[in-house]
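What follows is the residue order along each chain.
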Amino acid sequence: MSLKEWVFTTDHKRVGVLYLIGSVAAFIVAGIMALLMRVELTTLGPTLTANPTTYNVWLYAHGAVILLGFQIPALTGFAANYAIPLMIGAKDVAFPRVNAFSVWLFYMGVILALLTFVMPDPPDVLWTGYPPYSTITSGNTAFYTLTVLLIGFASIIAGVNFLTTIAYMRAPGMTWNKLNIFVWGTAGSFVMQLIYVPVLGTAVLLISFDKYLGTSFFDPTNGGDVLTYQNLFWFYSHPAVYVIFVPFFAIIMEIFATFAKNPIFNYKVAVYGGIWGIVLVSGEVWIHHLYVTGMPDWLRIGQMVTTLLISVPVGLMTISLIGTLYKGSITFESPMVYALGTFFLFLIGGLTGIPLAVTSLTVNLGETYYVVGHFHYVMALTGTLSIFAGVYYWFPKITGKMCNETWAKLGFLLNFIGANMIFWRMMEVGVREGLPRRYYDWAQFPQVADDQMFMTIGSVILALGFAITVLNWVFGAISGKKAGDNPWGSQSLEWTTVSPPPHGNWPTPPVVSEDWSPYAYGKRA
Amino acid sequence: MAHEAHADAVHAHWDTSIWPFVISFGILGLGVAFTFQFVYHSSFAAIIALGLGLPLILGGIAGWTSEAMGKGEGLSFASMGWFILAEAMIFLSCFAAYWAARLNAPDWPPAGSIELPKLIPVIMTITLVSSSLTIHKAEQYLHAGNRSGFVNWLLLTIVLGLAFLGMSGFEWAHLIGEGFTIKTNIFGTVFYSVTGLHGSHVLVGLAIFIAGLFPAIKGNLSPGFWRTAGLYWHFVDIIWFFVVSQVYFW
Chain A
1 MSLKEWVFTT DHKRVGVLYL IGSVAAFIVA GIMALLMRVE LTTLGPTLTA
51 NPTTYNVWLY AHGAVILLGF QIPALTGFAA NYAIPLMIGA KDVAFPRVNA
101 FSVWLFYMGV ILALLTFVMP DPPDVLWTGY PPYSTITSGN TAFYTLTVLL
151 IGFASIIAGV NFLTTIAYMR APGMTWNKLN IFVWGTAGSF VMQLIYVPVL
201 GTAVLLISFD KYLGTSFFDP TNGGDVLTYQ NLFWFYSHPA VYVIFVPFFA
251 IIMEIFATFA KNPIFNYKVA VYGGIWGIVL VSGEVWIHHL YVTGMPDWLR
301 IGQMVTTLLI SVPVGLMTIS LIGTLYKGSI TFESPMVYAL GTFFLFLIGG
351 LTGIPLAVTS LTVNLGETYY VVGHFHYVMA LTGTLSIFAG VYYWFPKITG
401 KMCNETWAKL GFLLNFIGAN MIFWRMMEVG VREGLPRRYY DWAQFPQVAD
451 DQMFMTIGSV ILALGFAITV LNWVFGAISG KKAGDNPWGS QSLEWTTVSP
501 PPHGNWPTPP VVSEDWSPYA YGKRA
Chain B
1001 MAHEAHADAV HAHWDTSIWP FVISFGILGL GVAFTFQFVY HSSFAAIIAL
1051 GLGLPLILGG IAGWTSEAMG KGEGLSFASM GWFILAEAMI FLSCFAAYWA
1101 ARLNAPDWPP AGSIELPKLI PVIMTITLVS SSLTIHKAEQ YLHAGNRSGF
1151 VNWLLLTIVL GLAFLGMSGF EWAHLIGEGF TIKTNIFGTV FYSVTGLHGS
1201 HVLVGLAIFI AGLFPAIKGN LSPGFWRTAG LYWHFVDIIW FFVVSQVYFW
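One line per chain: the protein sequences are A and B, in this order.
Sequence positions in the first sequence follow my numbering and run 1 to 525.
Sequence positions in the second sequence follow my numbering and run 1001 to 1250.
Since the hints were derived computationally from the structure, they do not count as laboratory data.
Treat the hints with care, as some may be off.
Said to hold, decoys possible - Which chain A residues face chain B? A few, computed with CB under 8 Å, are given here:
1. Ala100
2. Ala142
3. Phe143
4. Gly214
Glycine is no exception: its CB is placed at the ideal position from the N, C-alpha and C atoms.
So here's chain A without its partners, still in its complex pose (with noise of 0.2 Å):
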């Protein structure tokens, strides 16, 4: 096993644990400029920093680092990478080499993120780059745009490599109905990306085309247009909701399914009403970012309710979810505890969204800290619980060896506990307080001092829970005890090979019989 058959491994493999390497990493960073924000927030006035634009920075490091660094990347890189061939009883990807450099160029873009914190004038222009402040600032805007493009350039070369793997590297036998849920949840997850993601990178590039070569797309002053720019941007970072949620939600069926012992209730409604329903809808709902930037009514209404229809793919696939545990003989090892727990903070975020989905309300709730909570509770808690669930549940596959199950479950305590205390405080301050989010302090507040020093002791207990998970995957990759090829018992192919899989996956490649299938748990045949 040498350095050199990991840095240029072309295996989806080895590909995937770099990109979980990688996630993590930016994980990491991007938690810390979290504390800095929250610690700055306890005490009115200076606290950390007496420059509201370091503010501005860790505000735009935290914000774009965790959602391109770690939460795309973990979904459709790592999970994707790592289970998707294996589920599928594939050799590797369609193009071995695409995948590797899919992964270099997301570091590289990491890369980029990190100068950040070392070359002069950082960019201060949040993880949204709104001109014309992105094209007037003195702050770095060529970073955001670059580290963007890299990253977005990655996602759809992974994009192309995986829906040309699902279609045509399948297993003999393997038909689309017996694919498992996470396959059809990172097709839709990839199909969603090719879509949006040249949308978002054109908008990045044209804000550094007007701030560095004068062009005037989002300059009112030379015939431009600023709403351009919330148009494109919003038109990929809503559906970008969405290409996190997909996968996410299908990792929880997974493991819902397996340690359930049932199949997967609903299969077909949860697949081509759930999952292709939100592709679907995905596209036609940006417009809920711009209610307030003066637009007729009959737009906002007509984007009310597709902003409101979403809920009945989520619906959908929540029905399945919850059929799925139904009747099933439940065992609570540390991936189903984080699978569970992941599923009723989203119920909160997903039910807290339907209000800033009604254009009445969310011009008073927009713009307060009942945003943060909300976006908070879908992507921050579900999309990063369930991403560790993921790796609970694959971890025995990819190293061979075991969690911790006492650490993994206090991580997981501590995790829940801490993240509740922050984020739903923040939801009670800002509609009891109407709190303007992103502000550097708070000074026209005083009301909220005890809330802010709430929600500071809650993100050191997230801290504590992140370092002890990420510690216990650490210590369980080195001295973990060894874990069988199915530990968990579940009936879906990737378990069916050797832990940790070798290069090729199988030593002959799997056929699929006609009755087979990956939730084949007692009721079926």
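Since chain A is already given, all that's left is putting chain B on it; use the hints.
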């Protein structure tokens, strides 16, 4: 027996390729060069970063091509459709920005614009459409197993592509000389950005052709590669119709 041999191969080694890493690193160099030039105004550092990045990219492409040509691009044609979807969205975003600006403008063309030449875009269109036909012809020779016929028609395609870029460059130089630049107004912005974006795709298409040309001359002909490259080229051709109709003749 075949299976046993396969099993041994499976355990023997892990496939590696250095080129994806090399190209990625080169691309990072380009990004750093852009930042040095435009943000930190240090052309010297930019040239160093460019001098590091560009050879890595070009060498990486050459290495990748010679390593992989003829092996395993059987699925590349199928995947090109997905890539074209993503590419089409890039152009659509630019056109959307253009349409939003143009349809909301109080008067069009905005002050400072000049009359675009009408003859050059027509000649450019004819050139690019011809190149789509010549690459199709080249592919026919390839399938018929006629290597020299293939190489000749491929060379003709490359010449037509270069002629297209030459005319585009000539036109840019002419317009910039008349004082119509990318900074002039929103029309200048759109004109240079959209034609530049399309031109960069022509350049990439030519780069693909040239990267495959040398193996082809040596006799390494990969029908999968050429079918895929041809599809990309036809896409670039079709996009040009949108560019020419929206930017030049509207």
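Taking the hints in turn, this is what the structure says about them:
Hint status for A:Ala100: holds, given a least beta-carbon distance of 4 Å to chain B, under 8 Å. Proximity of A:Ala142 to chain B holds as hinted, the smallest CB-CB distance being about 5 Å (cut-off 8 Å). About 7 Å separates the beta-carbon of A:Phe143 from the nearest beta-carbon of chain B, less than 8 Å, and the hint is met. With its C-beta approaching chain B no nearer than about 4 Å, A:Gly214 sits inside the 8 Å limit, and its interface hint holds.
The structure meets every hint from the earlier list without exception.
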